[in-house]
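> Sequence:
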Amino acid sequence: MTDRSPDRTIDCALDIRGLTVSYHASVVVFSVDFCVPRASMSVIVGPNGAGKSTLLKAALGIVPIIAGEVRVMGEPPRSNRDRQAGHPRVAYVPQSASVDWDFPASVADVVAMGQYRELGFWRRRGRARREQVLDCLARVGMRDFADRQIGQLSGGQRQRVFMARALAQHADLFVLDEPFAGVDAATEKTLVGVLRSLVHEGRTVLCVHHDLATVPEYFDHVLLLNVRRIAAGPVDQVLTRDLLQQTYGGRLSGLQLERFPIPTAEAGPGAGSALDPDRLRTGASSATVTH
242 MTDRSPDRTI DCALDIRGLT VSYHASVVVF SVDFCVPRAS MSVIVGPNGA GKSTLLKAAL
302 GIVPIIAGEV RVMGEPPRSN RDRQAGHPRV AYVPQSASVD WDFPASVADV VAMGQYRELG
362 FWRRRGRARR EQVLDCLARV GMRDFADRQI GQLSGGQRQR VFMARALAQH ADLFVLDEPF
422 AGVDAATEKT LVGVLRSLVH EGRTVLCVHH DLATVPEYFD HVLLLNVRRI AAGPVDQVLT
482 RDLLQQTYGG RLSGLQLERF PIPTAEAGPG AGSALDPDRL RTGASSATVT H
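Okay, so the sequence shown: first residue is 242 according to the working numbering, each after it adds one.
Simulated from the structure, these hints should not be mistaken for lab results.
One or more of the hints may lead you astray.
Claimed, not checked - Just the calculated beta-carbon pair ranges, DEER-fashion: (1) Trp-342 - Glu-310: 16 to 26 Å; (2) Ala-266 - Arg-384: 41 to 51 Å; (3) Ala-426 - Gly-392: 39 to 49 Å; (4) Arg-371 - Ile-303: 24 to 34 Å; (5) Gly-423 - Pro-457: 34 to 44 Å; (6) Met-354 - Ser-494: 21 to 31 Å; (7) Arg-389 - Ser-267: 38 to 48 Å; (8) Arg-500 - Ala-308: 28 to 38 Å; (9) Ala-379 - Leu-493: 37 to 47 Å; (10) His-441 - Gln-478: 19 to 29 Å; (11) Ser-395 - Asp-452: 39 to 49 Å; (12) Ala-266 - Lys-430: 17 to 27 Å.
C-beta: ideal position from N, C-alpha, C; glycine also.
Build out the structure end to end from the sequences listed, making use of the hints.
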C-alpha cells in the first residue's frame, strides 16, 4: 500500500514517477510516485501548501518539472493535444478562484470552449454542436441557463458550467482541482453523481479535495500528500488515523479522526513524515527526507 513504487500491474490512467517541482528554488513536490487506476474515482488529500494543485498542473504539463516522468494512458501528457493521432484526451477543471468571471461570455459559450480542441477556434458551430452543448448543460442541471452571462451565476452554478465544459471534451481522464469548494450541497451532490457516471462509463476521475469526512463516500483511491507521498492506495486501506496524522503533521483533532480506522499502518519504504517545504531547497545536497 505504501511502497515507494506503485504497483505497475495496475492499468494506470495517469502514471506519475518521481515527480519533483520547485518554485523559486523551493521544492514544493518531491519525488512523488502515484498511479491513478483506470475507471476509478481517485483523490489527492493533504494540508494547505502540500503541493496538491501543483502536482496536478505538473502532471498535465501546465507547470514545469525538474525531475520525474508522467504518462497519460501510456503517453506523455503533451501528446494528448494531438487529436488526429488518436491520443487520449484530458479535461482539466481549475479552481474557481483562478477564473476571470467578468469575461463577457454566455454559459453556452463557456461550455462550447470544450469543443475547440476538436472543432478549432475558427470553424463555426453547427446545430449538432449546439445540441451537444445543451446536452452537457442538461447533465449538470444548467440547460435553462445557456444564454445567461457567466458573471451572473452563483458559485455553485459556475462550477456546474465548468463541469459541463469538461463533459464537452469527451475526455478519457477528468482532472478537477477542488471541484466542491464553495458550492452548495445540491451542487456537490449533482457533481458527484456526474463524476460517478463517468467512471461507470469507463472514464477516470482525479480530484483534489479537502473534506476528509466525505472522502470514503466519494472516492475509491487516495494519495496522501505533504510535499512528498505519504501513502497511496484504496481508501479503506490508506485512510487510517496514523497515516492521516503523518500527512497533516499531527494537527488533526480526535473529532476529525474518529470516523477513521484505529489500526496503525506501516509507512514502509518511500513514505515519510510531513515536511516543511522550506526545508527542501533545489540543489541543496544536505536536504534530508525522514522515512
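> Can you name, in rising order, the numbers of the hints this structure does not satisfy?
As far as the earlier hints go, 1, 3, 5, 6, 11 and 12 are violated by this structure, in ascending order.
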